[in-house]
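Trainee: Those protein sequences? They're chains A and B, same order as listed.
Read left to right, the first sequence gives residues 1 to 115 (this note's numbering).
Read left to right, the second sequence gives residues 1001 to 1117 (this note's numbering).
Hints may contain errors.
[Said to hold, decoys possible] Reference excerpt, derived from the structure (chain B facing chain A, CB under 7 Å, subset only):
id	residue
1	S1030
2	Y1032
3	Q1044
4	M1045
5	A1053
6	N1062
7	R1063
8	F1064
9	A1087
10	T1097
11	R1112
Don't read these hints as lab results, they were simulated from the structure.
Glycine included, each C-beta is placed from N, C-alpha and C at the ideal position.
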Amino acid sequence: EAQVTQNPRYLITVTGKKLTVTCSQNMNHEYMSWYRQDPGLGLRQIYYSMNVEVTDKGDVPEGYKVSRKEKRNFPLILESPSPNQTSLYFCASSLWGGLGYNEQFFGPGTRLTVL
Amino acid sequence: AQTVTQSQPEMSVQEAETVTLSCTYDTSESDYYLFWYKQPPSRQMILVIRQEAYKQQNATENRFSVNFQKAAKSFSLKISDSQLGDAAMYFCAYRSTLIQGAQKLVFGQGTRLTINP
Chain A
1 EAQVTQNPRY LITVTGKKLT VTCSQNMNHE YMSWYRQDPG LGLRQIYYSM NVEVTDKGDV
61 PEGYKVSRKE KRNFPLILES PSPNQTSLYF CASSLWGGLG YNEQFFGPGT RLTVL
Chain B
1001 AQTVTQSQPE MSVQEAETVT LSCTYDTSES DYYLFWYKQP PSRQMILVIR QEAYKQQNAT
1061 ENRFSVNFQK AAKSFSLKIS DSQLGDAAMY FCAYRSTLIQ GAQKLVFGQG TRLTINP
């Protein structure tokens, strides 16, 4: 089944404890992206990757890191989480990142709470 | 930068009736895509409908249709014959066609739709 998977689905952690949220897709997609969803703000893009080893900042990159060493994986790293990073996180992927339409597929979301 | 505004945080409708969710956006571009996404309690993001800005005809998907007013920068979603399964958060989203990283979606704040039986 074609899908985007995220792990963990739920995470409660404490301030300053490094964590990684994994994202994997099995559709051979070139483009991958991370969003965070907050009440009253909708979803906002954190980082995106056009292909392996090509990543760039989205609208709210502060406090996050990403890497794209393999085409299928795009982990989101919080090196020193803070309470303002408590949010619902979505990974998304699409066939390519350039011009023209292709559907973006979303993962199931990761609910992160930073105490 | 593009912005998307959904001015109705919550709406409710009686089952089987019609409801319209509003969305406005701001852009200086002439070509772009607009979307409505549904997020049920499972939190999964589900694409409901898509509109290309160069198309004058409004998109329709079964009970879902849009009213796209390009000059007014308005993109509303009409749900006909509302069903209990339509209860969800609905997000309006914009996608540019002109820039690097053009797959980025700019979302509105969301409208929570309740269906009353």
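Trainee: Compare the structure with each hint and give your call.
Mentor: Quick rundown of the hints versus the structure:
1. The interface hint given for B:S1030 is violated, since its Cβ lies 14 Å from the closest Cβ of chain A, which is over the 7 Å cut-off.
2. Residue-level restraint check for B:Y1032 is violated (minimum Cβ-Cβ distance to chain A is 11 Å; threshold 7 Å).
3. Hint status for B:Q1044 relative to chain A: holds, with the closest Cβ pair at about 6 Å, below 7 Å.
4. For the restraint placing B:M1045 at the interface with chain A, the shortest Cβ-Cβ distance is roughly 4 Å, inside the 7 Å limit, so the hint holds.
5. The beta carbon of B:A1053 is not positioned within 7 Å of any beta carbon in chain A (closest approach about 11 Å), and the interface hint is therefore violated.
6. Contact between B:N1062 and chain A, as hinted, is not supported at the beta carbon level, the nearest pair being about 18 Å apart and thus beyond 7 Å.
7. With a least beta-carbon distance of about 20 Å to chain A, the hint placing B:R1063 at the interface is violated under the 7 Å criterion.
8. The criterion of a C-beta within 7 Å of any C-beta in chain A is not met by B:F1064, whose closest approach is roughly 16 Å, and the hint is violated.
9. Interface restraint check for B:A1087: the shortest CB-CB distance to chain A comes to about 18 Å, outside 7 Å, so the restraint is violated.
10. For B:T1097, the shortest C-beta to C-beta distance to chain A is roughly 6 Å, which falls under 7 Å, so the interface hint holds.
11. A cut of 7 Å between beta carbons decides the hint on B:R1112: the least distance to chain A is about 10 Å, and the hint is violated.
The structure fails hints 1, 2, 5, 6, 7, 8, 9, 11 (numbered hints given earlier, in ascending order).
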